[in-house]
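Protein chains: 2
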Amino acid sequence: MSSDAFRERLTGYRSRIDEALLQIAKGAEPAYLYDPIRYVFSGRGKRLRPVLVFLTASGFGADEEETLPAALAVEILHNFSLVHDDIMDGDDLRHGKETVHNRWDNSTAILAGDGIFALAFDQLNRLNDTSVASMRLFTNATLRLCEGQALDKAFETDDEVSVNDYLEMVRLKTGTLLSLCCQLGAVVGEAGDEEVDAVAAFGELVGQAFQIQDDILEIYSDSEKMGKSLGSDIIAGKKTFLTCKAEKLDRSHWREFMQSLEGESLDERIPKIRDYFGKNGIVTDGEKLVKELSEDAISQLEPLPSDVQANLTPFVQYLMERKN
Amino acid sequence: MSSDAFRERLTGYRSRIDEALLQIAKGAEPAYLYDPIRYVFSGRGKRLRPVLVFLTASGFGADEEETLPAALAVEILHNFSLVHDDIMDGDDLRHGKETVHNRWDNSTAILAGDGIFALAFDQLNRLNDTSVASMRLFTNATLRLCEGQALDKAFETDDEVSVNDYLEMVRLKTGTLLSLCCQLGAVVGEAGDEEVDAVAAFGELVGQAFQIQDDILEIYSDSEKMGKSLGSDIIAGKKTFLTCKAEKLDRSHWREFMQSLEGESLDERIPKIRDYFGKNGIVTDGEKLVKELSEDAISQLEPLPSDVQANLTPFVQYLMERKN
Numbered sequence: 001m002s003s004d005a006f007r008e009r010l011t012g013y014r015s016r017i018d019e020a021l022l023q024i025a026k027g028a029e030p031a032y033l034y035d036p037i038r039y040v041f042s043g044r045g046k047r048l049r050p051v052l053v054f055l056t057a058s059g060f061g062a063d064e065e066e067t068l069p070a071a072l073a074v075e076i077l078h079n080f081s082l083v084h085d086d087i088m089d090g091d092d093l094r095h096g097k098e099t100v101h102n103r104w105d106n107s108t109a110i111l112a113g114d115g116i117f118a119l120a121f122d123q124l125n126r127l128n129d130t131s132v133a134s135m136r137l138f139t140n141a142t143l144r145l146c147e148g149q150a151l152d153k154a155f156e157t158d159d160e161v162s163v164n165d166y167l168e169m170v171r172l173k174t175g176t177l178l179s180l181c182c183q184l185g186a187v188v189g190e191a192g193d194e195e196v197d198a199v200a201a202f203g204e205l206v207g208q209a210f211q212i213q214d215d216i217l218e219i220y221s222d223s224e225k226m227g228k229s230l231g232s233d234i235i236a237g238k239k240t241f242l243t244c245k246a247e248k249l250d251r252s253h254w255r256e257f258m259q260s261l262e263g264e265s266l267d268e269r270i271p272k273i274r275d276y277f278g279k280n281g282i283v284t285d286g287e288k289l290v291k292e293l294s295e296d297a298i299s300q301l302e303p304l305p306s307d308v309q310a311n312l313t314p315f316v317q318y319l320m321e322r323k324n
Numbered sequence: 001m002s003s004d005a006f007r008e009r010l011t012g013y014r015s016r017i018d019e020a021l022l023q024i025a026k027g028a029e030p031a032y033l034y035d036p037i038r039y040v041f042s043g044r045g046k047r048l049r050p051v052l053v054f055l056t057a058s059g060f061g062a063d064e065e066e067t068l069p070a071a072l073a074v075e076i077l078h079n080f081s082l083v084h085d086d087i088m089d090g091d092d093l094r095h096g097k098e099t100v101h102n103r104w105d106n107s108t109a110i111l112a113g114d115g116i117f118a119l120a121f122d123q124l125n126r127l128n129d130t131s132v133a134s135m136r137l138f139t140n141a142t143l144r145l146c147e148g149q150a151l152d153k154a155f156e157t158d159d160e161v162s163v164n165d166y167l168e169m170v171r172l173k174t175g176t177l178l179s180l181c182c183q184l185g186a187v188v189g190e191a192g193d194e195e196v197d198a199v200a201a202f203g204e205l206v207g208q209a210f211q212i213q214d215d216i217l218e219i220y221s222d223s224e225k226m227g228k229s230l231g232s233d234i235i236a237g238k239k240t241f242l243t244c245k246a247e248k249l250d251r252s253h254w255r256e257f258m259q260s261l262e263g264e265s266l267d268e269r270i271p272k273i274r275d276y277f278g279k280n281g282i283v284t285d286g287e288k289l290v291k292e293l294s295e296d297a298i299s300q301l302e303p304l305p306s307d308v309q310a311n312l313t314p315f316v317q318y319l320m321e322r323k324n
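Residue numbers (this note's numbering), protein chains in the order written: chain A, 1 to 324; chain B, 1 to 324.
No wet-lab data here; the hints were simulated from the structure. Mixed in with the good hints there might be a few duds.
[Stated by the list, open to error] When the alpha-carbon atoms are kept at most 20 Å apart in a straight line, the in silico DMTMM-like pairs for lysine to aspartate or glutamate are as follows:
no., chain 1, residue 1, chain 2, residue 2
1, A, 238, B, 66
2, B, 238, A, 105
3, A, 46, A, 214
Computed from a prediction, not measured in an experiment: that's the story for all the values here.
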């Protein structure tokens, strides 16, 4: 399939998800709960996770209709985690829109997140024969996500976070969800246990690659494309692959450098931070790791049916070419 | 069964739940997520909800072992909602212990609540043959709970909440969960659909009675027994059955009265509020409604097997005699 045809296919999946999300809480009351939920569901995400469910399920021969609840479930779970993470991180913008707690308040956002969480399970209940297996995978993934977020929060005040600690956090926080997408797609497509495990390994590696790439884009993209301020994570003291690597290379040098920027505006700091990462080979290291993880991910697909490979390999290429 | 023997049976169920809760997150990491979860699970609640699951399931012939995951699931769901509600309401004490957000912070409490939510589903996954039906009931109840909490929050700033609005909120917020306990118990005991519906109606009515009784105890009990300050809900502007009734009887008189108390300490206000409710027949109205709802609940049990009646009727009597 040509790269254009593949992108067109993703656009189709994305519209399907966008439309289905708009139907979910339509007309539901009370407004205190459902207005913010509808606001979240009308947001424009990249829908990468449900797309990955569709691609995997299709590779195993499932049709779009039976896959839809699983695809929706992961997108909704992802939205739940964003609403709550944004409160915890005090983020004001998400995909260029005000975050829920910023537009309403913390209480509204906590409750909206809880409702969204329940709606994710509601989708899973719609899977017929495969709902029990899916529910187990889903519940387990949800706990791993919470563990990843916990590490992320704990790392904010931890001075000794190694690159390996960071990669473990990313495995839990981002790897888990992409892995779940592949698992659910495979289960809907009635794949065998070994096949489910193979796509799970693929998804986890893709998730890690994706997050490190995100860390790079967070400082090297432009803010309009990212829908939030560049460098905001780094300035807020969040660990990223790049900061952990900088610490590893020369901790005191990195800390002195960061202290020297205090008081400067974001616009002044960004080019200096880029320069630091560039001169010290840190971006190159990040890009190299993204490439290795992606290749490792693709190699997990070798024992799988050719249709699965044909769907998932271009997905990795597509992710690697993204600019936001 | 004598009242003493019944109480002993409840104590047995309660210990079973207390012990099982302590095992759930034992040794789990990271501490940022699991320390507050263990703290919540080590709290001493009345465990009324899992007790109700055990009583219902036993009435339909299920044994304790197979019922345990369902009983744990509702207790865990209840704990999840308390952790998040306490953040939203800014409550500092719960059962005489510091609330999670008070002991740690909001972010920790949001995430702990999310993890607890996932752990509730994890228990449901352990039900074998009945997990699909249970999951549907559970997911649906979770959404209704969120709707009830949304009404509760929306009512705080709403000047026109009628007694009926209030009862609808209570039906969603408290009735739903007690109804779910009965439904899950019945499903584990392989009851028929009509039997499940009958115990669901029973549970919903018991839940409403329980909440109105709670509204009365909130002002008439003593604070040591309640594990929190008396009257704190009323002072915080929360609607209760008694305040909605006072508004209905004579809105301006009630508002003038409440304004006249401003600046006084809780200890000064409580006896005056009690006096107001007493003189205007408002407590009597509340007690009468609790009695009616309880009787109505018991009448729902008529078509059910005698073992179910023998288990659930004394449970209602037990609830009605409680002092906290």
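Now the hints, each set against the structure:
no. : hint          : result
1   : 238/A x 66/B  : violated, 45 Å
2   : 238/B x 105/A : holds, 18 Å
3   : 46/A x 214/A  : holds, 13 Å
Checked against the numbered hints listed earlier, the structure breaks hint 1 alone; every other hint is satisfied.
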